[in-house]
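Note that the sequence shown covers residues 0 to 241 in numbering that gives the first Met the number 0.
Think of the hints as simulated: they come from the structure by calculation, not from any bench. Hints are supplied without guarantee of correctness; some may be wrong.
Unchecked claim - The calculated label-pair distances, taken between Cβ atoms and stated as ranges, are:
{"id": "1", "residue 1": "Lys82", "residue 2": "Glu148", "range": "16 to 22 Å"}
{"id": "2", "residue 1": "Asn196", "residue 2": "Glu56", "range": "20 to 26 Å"}
{"id": "3", "residue 1": "Tyr165", "residue 2": "Gly133", "range": "31 to 37 Å"}
{"id": "4", "residue 1": "Lys46", "residue 2": "Lys155", "range": "31 to 37 Å"}
To be verified - The calculated DMTMM-like cross-link candidates involving lysine to aspartate or glutamate, where the alpha carbons are at most 20 Å apart (straight line), are:
{"id": "5", "residue 1": "Lys41", "residue 2": "Glu56"}
{"id": "6", "residue 1": "Lys111", "residue 2": "Glu125"}
{"id": "7", "residue 1": "Lys142", "residue 2": "Glu44"}
{"id": "8", "residue 1": "Lys174", "residue 2": "Glu56"}
{"id": "9", "residue 1": "Lys174", "residue 2": "Asp164"}
{"id": "10", "residue 1": "Lys41", "residue 2": "Glu148"}
{"id": "11", "residue 1": "Lys50", "residue 2": "Asp172"}
{"id": "12", "residue 1": "Lys46", "residue 2": "Glu200"}
{"id": "13", "residue 1": "Lys193", "residue 2": "Asp172"}
{"id": "14", "residue 1": "Lys82", "residue 2": "Glu129"}
{"id": "15", "residue 1": "Lys50", "residue 2": "Glu67"}
{"id": "16", "residue 1": "Lys82", "residue 2": "Glu44"}
{"id": "17", "residue 1": "Lys46", "residue 2": "Glu198"}
{"id": "18", "residue 1": "Lys41", "residue 2": "Glu200"}
{"id": "19", "residue 1": "Lys46", "residue 2": "Asp30"}
{"id": "20", "residue 1": "Lys19", "residue 2": "Asp172"}
{"id": "21", "residue 1": "Lys41", "residue 2": "Glu182"}
{"id": "22", "residue 1": "Lys120", "residue 2": "Glu44"}
{"id": "23", "residue 1": "Lys19", "residue 2": "Glu178"}
{"id": "24", "residue 1": "Lys50", "residue 2": "Asp30"}
{"id": "25", "residue 1": "Lys50", "residue 2": "Glu162"}
{"id": "26", "residue 1": "Lys112", "residue 2": "Asp124"}
{"id": "27", "residue 1": "Lys82", "residue 2": "Glu148"}
{"id": "28", "residue 1": "Lys19", "residue 2": "Glu129"}
{"id": "29", "residue 1": "Lys185", "residue 2": "Asp30"}
{"id": "30", "residue 1": "Lys155", "residue 2": "Glu81"}
{"id": "31", "residue 1": "Lys174", "residue 2": "Glu159"}
{"id": "32", "residue 1": "Lys155", "residue 2": "Asp30"}
{"id": "33", "residue 1": "Lys142", "residue 2": "Asp164"}
{"id": "34", "residue 1": "Lys41", "residue 2": "Asp164"}
{"id": "35", "residue 1": "Lys19", "residue 2": "Glu148"}
{"id": "36", "residue 1": "Lys82", "residue 2": "Glu115"}
{"id": "37", "residue 1": "Lys19", "residue 2": "Glu44"}
{"id": "38", "residue 1": "Lys50", "residue 2": "Glu200"}
Yeah, the Cβ is synthetic: ideal placement off N, Cα and C, and Gly gets one too.
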Amino acid sequence: MRITILLCLLITIYTYNPPKLTIYIESLCPDTGRFMSQSFNKLYESKIRNKLASSVEIIPFGNAHELEPIEGKRQFECQHNEKECFGNRLLLCAQQELAQSQYESFFICYFKKLVEVGRVKINIDESMTECFNGSTGQMGLLKLCEQTEGNELLHKAGLETGEHDYIPYIIVDGKHTKEYQAEAEKDLHSFLCKFNNLEEECSKTLNLRGLNYLNEEKVKKENNITFKEFKDSLRKRGLISN
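Working from the sequences, and respecting the hints, build out all of it.
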C-alpha cells in the first residue's frame with residue numbers, strides 16, 4: 000500500500016500537463032500583428048511545441064460588438080470599422096476550412112503583411128491571397144464561406160470571447176494576469192519554456208531558424224566574431240541542434 004502511494008506521488012511530481020492557450024485577436028489590430036508575426040511565430044516554429052502547450056485556441060473577434068439584427072441578419076460593429084469585421088470573418092473561415100497548422104501559418108503570413116503595410120493601407124483580400132501563394136481558388140473558398148457563414152462564425156466567436164481589457168489578450172489555462180500577458184506577448188515561446196520549467200530543454204532544441212531574430216552586425220560587434228563562428232560556438236555548446 001505504501002509503495003503504491005509512493006509511486007503515485009512520484010508520478011504526480013514528475014508528470015506535468017502543458018497549459019491550454021486561448022488568444023483573442025483582431026484582423027486589423029497593430030498589436031495583434033506584432034504578436035502573431037513575431038512572438039506567436041516563434042512558438043509555431045518550435046520543435047517542442049507540444050511540450051509547451053497542450054492546445055492553442057485563437058479567437059478573431061476582439062473588441063467587436065454584436066448589434067440588433069436588421070431584417071433577420073446579424074449585425075456587428077468592429078473596433079476598426081467594417082473592414083476589420085470582414086477580416087475577422089475571413090480568419091474564422093480559414094479556421095473552418097484549413098487544418099490548424101495551415102491556418103496558423105496563414106495567420107502569421109497575413110499579420111506580417113499587416114505590420115509591413117499598416118491597417119489603413121492594407122488590402123485584406125489581396126494580402127490573404129498572397130498568403131495562399133496567389134491561389135485565387137483557395138481564397139475563393141474563404142470568400143464564399145465569409146459570405147454564407149461569416150456572420151454566424153463571428154457570432155459564435157463573440158460568444159467565446161470573454162471579458163478583456165486589450166487585444167491581443169492571452170489566457171493560460173483559463174487564467175489571465177498582467178505578468179502572463181507581458182511575458183507571453185513579448186516572447187510566447189520563452190514564457191512557455193519558463194512556465195513549464197523547460198528552459199534547459201528549450202535552449203538545447205533552439206532551431207537555427209531562431210537565429211534569424213539575431214542581428215548579424217550586433218553579433219559581430221558584441222562578440223568580435225563572424226556570424227558563422229557564433230553559430231558554430233552555439234552548436235559546440237549543444238545550444239542548437241543542427
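Do the hints match the structure? See the list:
| no. | hint | in the structure |
| --- | --- | --- |
| 1 | Lys82 <-> Glu148: 16 to 22 Å | holds (19 Å) |
| 2 | Asn196 <-> Glu56: 20 to 26 Å | holds (23 Å) |
| 3 | Tyr165 <-> Gly133: 31 to 37 Å | holds (35 Å) |
| 4 | Lys46 <-> Lys155: 31 to 37 Å | holds (33 Å) |
| 5 | Lys41 <-> Glu56 | holds (16 Å) |
| 6 | Lys111 <-> Glu125 | holds (14 Å) |
| 7 | Lys142 <-> Glu44 | violated (28 Å) |
| 8 | Lys174 <-> Glu56 | holds (14 Å) |
| 9 | Lys174 <-> Asp164 | holds (14 Å) |
| 10 | Lys41 <-> Glu148 | violated (32 Å) |
| 11 | Lys50 <-> Asp172 | holds (14 Å) |
| 12 | Lys46 <-> Glu200 | holds (11 Å) |
| 13 | Lys193 <-> Asp172 | holds (15 Å) |
| 14 | Lys82 <-> Glu129 | holds (18 Å) |
| 15 | Lys50 <-> Glu67 | violated (43 Å) |
| 16 | Lys82 <-> Glu44 | violated (30 Å) |
| 17 | Lys46 <-> Glu198 | holds (14 Å) |
| 18 | Lys41 <-> Glu200 | holds (15 Å) |
| 19 | Lys46 <-> Asp30 | violated (26 Å) |
| 20 | Lys19 <-> Asp172 | holds (5 Å) |
| 21 | Lys41 <-> Glu182 | holds (14 Å) |
| 22 | Lys120 <-> Glu44 | violated (29 Å) |
| 23 | Lys19 <-> Glu178 | holds (17 Å) |
| 24 | Lys50 <-> Asp30 | violated (26 Å) |
| 25 | Lys50 <-> Glu162 | violated (28 Å) |
| 26 | Lys112 <-> Asp124 | holds (12 Å) |
| 27 | Lys82 <-> Glu148 | holds (17 Å) |
| 28 | Lys19 <-> Glu129 | violated (31 Å) |
| 29 | Lys185 <-> Asp30 | holds (11 Å) |
| 30 | Lys155 <-> Glu81 | holds (18 Å) |
| 31 | Lys174 <-> Glu159 | holds (15 Å) |
| 32 | Lys155 <-> Asp30 | violated (23 Å) |
| 33 | Lys142 <-> Asp164 | violated (31 Å) |
| 34 | Lys41 <-> Asp164 | violated (25 Å) |
| 35 | Lys19 <-> Glu148 | violated (27 Å) |
| 36 | Lys82 <-> Glu115 | holds (18 Å) |
| 37 | Lys19 <-> Glu44 | holds (18 Å) |
| 38 | Lys50 <-> Glu200 | holds (10 Å) |
When each numbered hint is compared with the structure, violations occur for hints 7, 10, 15, 16, 19, 22, 24, 25, 28, 32, 33, 34 and 35.
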